[in-house]
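K.L.:
Once you have looked at the hints, place chain Z on chain V.
Respectively, the protein sequence lines represent chains V and Z.
Residue numbers are given in the numbering used here: position 259 of the first sequence equals residue 259, and the series is strictly consecutive.
Residue numbers are given in the numbering used here: position 57 of the second sequence equals residue 568, and the series is strictly consecutive.
Keep in mind that the hints were calculated from the coordinates and are not lab data.
Beta carbons are placed, not taken as given, at the ideal position from N, Cα and C, and that holds for glycine.
Some hints could be false.
Stated by the list, open to error - Keeping only pairs whose Cα atoms sit at most 25 angstroms apart, straight-line, the calculated SDA-like set for lysine to any residue is:
| no. | chain 1 | residue 1 | chain 2 | residue 2 |
| --- | --- | --- | --- | --- |
| 1 | V | Lys433 | V | Thr392 |
| 2 | V | Lys351 | Z | Asp555 |
| 3 | Z | Lys556 | V | Ala343 |
| 4 | Z | Lys592 | Z | Asp624 |
| 5 | V | Lys89 | V | Glu105 |
| 6 | V | Lys306 | V | Val255 |
| 7 | V | Lys351 | Z | Lys556 |
| 8 | V | Lys282 | V | Gln357 |
| 9 | Z | Lys592 | V | Thr386 |
| 10 | Z | Lys556 | V | Gly311 |
| 11 | V | Lys263 | V | Lys493 |
| 12 | Z | Lys592 | V | Lys152 |
| 13 | V | Lys339 | Z | Thr740 |
| 14 | V | Lys306 | Z | Gly580 |
| 15 | Z | Lys556 | V | Pro335 |
| 16 | V | Lys339 | Z | Met560 |
| 17 | V | Lys306 | Z | Ser564 |
| 18 | V | Lys152 | V | Ala452 |
Unchecked claim - Per the computed footprint, the stretches of chain Z lying under chain V, defined by three or more beta-carbons under 8 angstroms from a beta-carbon of chain V, are:
| no. | region |
| --- | --- |
| 19 | 530-538 |
| 20 | 553-565 |
| 21 | 746-756 |
What the hints assert, rightly or not - Sample of chain V residues at the chain Z side, in silico, Cβ under 7 angstroms:
| no. | residue |
| --- | --- |
| 22 | Gly203 |
| 23 | Ser283 |
| 24 | Glu391 |
Here are the chains, one letter per residue:
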Amino acid sequence: MALGVKGIKTAFMAALLAGTAFMATPADAAGKLTISSPQDPGSWDPIDTFLVNWASVGTNIFDGLTYRGPDRKLVPGLAESWTEMDGGKRIRFKLRSGVTFHNGEPFNAAAVKFTFDRLLGEEGAKGPQRSNYVAIDSVEVIDDTTVDFKLKAPDPVLLTKLAGYGAMIVPPKYIQEKGDAFFNVNPVGTGPFKFVSYAPKTGIKLEANPNYWGGAPKLSEVEYRFITEPATAVAELQAGRVDVVLPPTIPIGMVPVIQADPKLTVLSIPGPTVDALRFNTKSGITADPRVRKALIMAVDRAAIVKSILAGQASEIASFQGELSFGYDPALKPLPFDPKGAQALLAQAGVKPGAAVQIDIRGNDATMNEVAQAVAAYLGAVGVVATIKPYETNVLLNDIIPQGKTGAMFQQKWGGWTFDYDNTAYAMYHSGEKWNPYEQDADLDKLLESQRAITDVAERERILKQIAHTVADKALEMPLYNSNAIYGVAKRVKNFPPASDNRPKLTEVTVD
Amino acid sequence: MAAALSFLRSPRFRNLEFLLGATLTLVICLAVLFSDQLFPGGADKMDLMARLSPPFRTAAHPLGTDPLGRDVLARVVAGGKISLLVGFVSVAGAAVIGVLMGLISGYYRGICDMVVMRFADVQLALPFILLAITFIAIVGGSLTNTIILLIVSQWVQYARLVRGSVLALREREFIQSARAIGVKDWRIIVQHLLPNLIGPVIVLLTLNVANNILLESSLTFLGLGIDPTIPSWGGMLASGRTYLQVAWWVSVFPGLAILLTVLGLNLLGDWLRDSLDPTGRTSR
Numbered sequence: 001m002a003l004g005v006k007g008i009k010t011a012f013m014a015a016l017l018a019g020t021a022f023m024a025t026p027a028d029a030a031g032k033l034t035i036s037s038p039q040d041p042g043s044w045d046p047i048d049t050f051l052v053n054w055a056s057v058g059t060n061i062f063d064g065l066t067y068r069g070p071d072r073k074l075v076p077g078l079a080e081s082w083t084e085m086d087g088g089k090r091i092r093f094k095l096r097s098g099v100t101f102h103n104g105e106p107f108n109a110a111a112v113k114f115t116f117d118r119l120l121g122e123e124g125a126k127g128p129q130r131s132n133y134v135a136i137d138s139v140e141v142i143d144d145t146t147v148d149f150k151l152k153a154p155d156p157v158l159l160t161k162l163a164g165y166g167a168m169i170v171p172p173k174y175i176q177e178k179g180d181a182f183f184n185v186n187p188v189g190t191g192p193f194k195f196v197s198y199a200p201k202t203g204i205k206l207e208a209n210p211n212y213w214g215g216a217p218k219l220s221e222v223e224y225r226f227i228t229e230p231a232t233a234v235a236e237l238q239a240g241r242v243d244v245v246l247p248p249t250i251p252i253g254m255v256p257v258i259q260a261d262p263k264l265t266v267l268s269i270p271g272p273t274v275d276a277l278r279f280n281t282k283s284g285i286t287a288d289p290r291v292r293k294a295l296i297m298a299v300d301r302a303a304i305v306k307s308i309l310a311g312q313a314s315e316i317a318s319f320q321g322e323l324s325f326g327y328d329p330a331l332k333p334l335p336f337d338p339k340g341a342q343a344l345l346a347q348a349g350v351k352p353g354a355a356v357q358i359d360i361r362g363n364d365a366t367m368n369e370v371a372q373a374v375a376a377y378l379g380a381v382g383v384v385a386t387i388k389p390y391e392t393n394v395l396l397n398d399i400i401p402q403g404k405t406g407a408m409f410q411q412k413w414g415g416w417t418f419d420y421d422n423t424a425y426a427m428y429h430s431g432e433k434w435n436p437y438e439q440d441a442d443l444d445k446l447l448e449s450q451r452a453i454t455d456v457a458e459r460e461r462i463l464k465q466i467a468h469t470v471a472d473k474a475l476e477m478p479l480y481n482s483n484a485i486y487g488v489a490k491r492v493k494n495f496p497p498a499s500d501n502r503p504k505l506t507e508v509t510v511d
Numbered sequence: 512m513a514a515a516l517s518f519l520r521s522p523r524f525r526n527l528e529f530l531l532g533a534t535l536t537l538v539i540c541l542a543v544l545f546s547d548q549l550f551p552g553g554a555d556k557m558d559l560m561a562r563l564s565p566p567f568r569t570a571a572h573p574l575g576t577d578p579l580g581r582d583v584l585a586r587v588v589a590g591g592k593i594s595l596l597v598g599f600v601s602v603a604g605a606a607v608i609g610v611l612m613g614l615i616s617g618y619y620r621g622i623c624d625m626v627v628m629r630f631a632d633v634q635l636a637l638p639f640i641l642l643a644i645t646f647i648a649i650v651g652g653s654l655t656n657t658i659i660l661l662i663v664s665q666w667v668q669y670a671r672l673v674r675g676s677v678l679a680l681r682e683r684e685f686i687q688s689a690r691a692i693g694v695k696d697w698r699i700i701v702q703h704l705l706p707n708l709i710g711p712v713i714v715l716l717t718l719n720v721a722n723n724i725l726l727e728s729s730l731t732f733l734g735l736g737i738d739p740t741i742p743s744w745g746g747m748l749a750s751g752r753t754y755l756q757v758a759w760w761v762s763v764f765p766g767l768a769i770l771l772t773v774l775g776l777n778l779l780g781d782w783l784r785d786s787l788d789p790t791g792r793t794s795r
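For reference, chain V alone in the conformation it holds in the complex:
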């Protein structure tokens, strides 16, 4: 009997213990996820960077007023709701209450005001993020959970822009006390994961924030490792030392290697990145739109996408992917027609043997092959193409902005907002950094007009019109919209392959 009592007692204790253990699980789950990211942004301050790979980490540390998940729908973030007032020139946000930063500081209207005063003020002027938010005139605190954004002019993309990058809400007291330099390497936000440690060029470690307003994350730890060399990242994934490889890392040529591994899988979804070969529309043979059209028609872009990009991309007709706002499915790429191209070239008076130079980024392995294929196709219609690989920074900061390119040059672009305005304005408006050659008053007017319109349908109509105009003038040879390629170990469950490379890891678990 005594034994029996003891037995029952033990069983009871065991059950109790098991019970506590069981109850502890949701709040403090186990499991560590290791992620390979190709780039170290150097600073974790949201206003210091435009790097996509900042955002892959940042989206797990910080929150914005709005949130855009993998489905690309805009939903409430730190703001519970919002209303547009004064014809779009004022937006009133009702804030979530009871939210605290990782350091215990309360999130409130003052924090929102501080964040945007900082972004639009002196500190923000040092970084690249400010220019995205210049439509905001000022932020006014109405009460502790209500703020008003007063705008200089309506900005149709602002609510999306509030979901990421420079608009991430930062803790005022922490930054004022510790200073900006400290904040750069010791970030504090309201997000699902708390910052633990950061080793420059090596990695950043995070741990679960059990008090996250959106529900505690299921992982206990996340480590991001910065691995720049694609082959190394893939080897680490194969060896099991890394669970996820973020894009843009995995070269298309290595996709079959990962697919062949029973422990790994490839998640590939359309992303924002588009590639085009743009023309020098000011001088040389490509100043003639007939020649530009001929060059486009001479290249079998569909075959390039199918073979070299191995289906990890889709052909485009304008400089945007199908997810982009302003995408027109009715706009079709020019057909592959070498005979027609030759006729057009003859009409334009271009003799066989005419030379064009294609400028590309030297470290872009895919573009290297694509450009060679393009050169071979152009050779077939009698245009001799040479390829000039540049160091990426030289091409981006010197050759393109100063108009020193060859007849054609590579442009890679990826706006995380998925709005054609972000691309088109920078590419085609006169005097923009990325537009060294084309000056077209009509196009300028169109581009300016859509910026002031908050009527969604009307704006979309104008954006489509812009795409058609650009296609008619053949300002570029649109190539493809690349997929974002994630390499993921099968032990990782519920991984959200975000098209904007900002996977939020709240629901992720590991076996």
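P.N.:
Structure of chain Z alone, referenced to chain V:
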């Protein structure tokens, strides 16, 4: 061990070295020179649908095809043109400038010597890769620029070698007597100095050709070199890198070509060095 060493010093090995080196170099040079005849238009013929076909399967592509469906064999052979051109031209350029500088500074001494040799010291203190990256970043990558870069970075070796020899030779009796009977300076340099110091220069030349082929390959590999449409060994290596696990043949065959060429030239250079060695330590 001792037996192996003595074989390495034996005349039979010397002959083997020469035979192997000369054959390799000759075969490769001929194949490359006549690549257009061997593969008419083959190196650039693209067939996107037949990309990455494996080697040793069809007669059309004995070494398989690359990511653009071009014949690897044809490209390896045609790619040698760039590599050998860069190798030989850069070495010739560096040797001409270097020998000239070495002769002038060694023969005339004085301020001339000072300037050239201090310049050479500065040059030797600069790491090659640093120089290469800076140079290519400023002037841009092209075939001519790559050759100029190699010349600029290598003339010093010849200059120092030649100057050393000239310093020793100019005090010798035959030079002194030539000068005493009033032979002009340029004649002394061309007729009396040059033939007496050209041996080591030729050896350095052969060894450097191999070295420069490797450098050109690594520069192209780093994306600092030349137009990727022009086949070159380094460029092929670089473009095949991402396919290494799925299509090894894209980078292995150009790698093999580099290996064989460099091996051939090195064997030839070694043989030449031993044959020309005036101390006769390893003479037959």
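K.L.:
Hint by hint, say whether it matches the structure.
P.N.:
Right, here's what the structure says about each hint:
About 16 angstroms separates the Cα atoms of lysine 433 of chain V and threonine 392 of chain V, which keeps this hinted pair within 25 angstroms; it holds. The suggested pairing of lysine 351 of chain V with aspartate 555 of chain Z holds, with an alpha-carbon distance near 22 angstroms, which does not exceed 25 angstroms. In summary, the hint linking lysine 556 of chain Z to alanine 343 of chain V is supported, as the alpha carbons are separated by about 23 angstroms, within the 25 angstroms threshold. For the proposed pair lysine 592 of chain Z and aspartate 624 of chain Z, the alpha carbon gap of about 38 angstroms is over 25 angstroms, so the pair is violated.
Proposed proximity of lysine 89 of chain V and glutamate 105 of chain V is contradicted: the alpha carbons are some 31 angstroms apart, above 25 angstroms. Under the criterion of a C-alpha separation no larger than 25 angstroms, the hint pairing lysine 306 of chain V with valine 255 of chain V is consistent with the structure, at around 14 angstroms. Annotation: proposed proximity of lysine 351 of chain V to lysine 556 of chain Z holds, straight-line Cα distance about 22 angstroms (limit 25 angstroms). Straight-line distance between C-alpha atoms of lysine 282 of chain V and glutamine 357 of chain V comes to about 15 angstroms, which keeps the hinted pair within the 25 angstroms bound.
Among the hinted pairs, lysine 592 of chain Z with threonine 386 of chain V is consistent with the structure: their alpha-carbon atoms are about 17 angstroms apart, no more than 25 angstroms. At most 25 angstroms may separate the alpha-carbon atoms for a hinted pair to count; lysine 556 of chain Z and glycine 311 of chain V meet this at roughly 23 angstroms. A hinted pair counts as satisfied when its Cα atoms are at most 25 angstroms apart, and lysine 263 of chain V with lysine 493 of chain V qualifies at roughly 13 angstroms. Of the pairs offered as hints, the one joining lysine 592 of chain Z and lysine 152 of chain V is violated, with about 63 angstroms between alpha carbons and a cut-off of 25 angstroms exceeded.
Taken as a hint, the lysine 339 of chain V and threonine 740 of chain Z pair is honoured in the structure, with Cα atoms around 24 angstroms apart against an allowance of 25 angstroms. At roughly 13 angstroms between alpha-carbon atoms, lysine 306 of chain V and glycine 580 of chain Z fall within 25 angstroms of each other, so this suggested pair holds. With a C-alpha separation of about 22 angstroms, the suggested pairing of lysine 556 of chain Z with proline 335 of chain V holds against the 25 angstroms cut-off. Simply put, lysine 339 of chain V and methionine 560 of chain Z have alpha-carbon atoms about 21 angstroms apart, close enough for the 25 angstroms limit, and the pair holds.
Using a Cα cut-off of 25 angstroms, the hinted pair lysine 306 of chain V and serine 564 of chain Z holds, with the two alpha carbons roughly 16 angstroms apart. A C-alpha spacing of about 10 angstroms is found between lysine 152 of chain V and alanine 452 of chain V, which places the hinted pair at or below 25 angstroms, so the restraint holds. With 0 residues having a beta carbon nearer than 8 angstroms to a beta carbon of chain V, the region 530-538 of chain Z misses the requirement of three or more and the stated coverage is violated. With 5 residues having a Cβ less than 8 angstroms from any Cβ of chain V, the region 553-565 of chain Z passes the three-residue criterion, so the hint holds.
For the region 746-756 of chain Z, the assignment as covered by chain V holds, since 6 residues bring a beta-carbon within under 8 angstroms of that chain's beta-carbons and 3 suffice. Look at glycine 203 of chain V: its Cβ only gets to about 24 angstroms from chain Z, farther than 7 angstroms, so that hint breaks. The beta carbon of serine 283 of chain V comes no nearer than 19 angstroms to any beta carbon in chain Z, farther than 7 angstroms, and the hint placing it at the interface is violated. With 7 angstroms as the threshold, the beta carbon of glutamate 391 of chain V comes within range of chain Z, its nearest partner Cβ sitting at about 6 angstroms, so the hint holds.
The structure is inconsistent with the numbered hints 4, 5, 12, 19, 22 and 23, although it conforms to all the rest.
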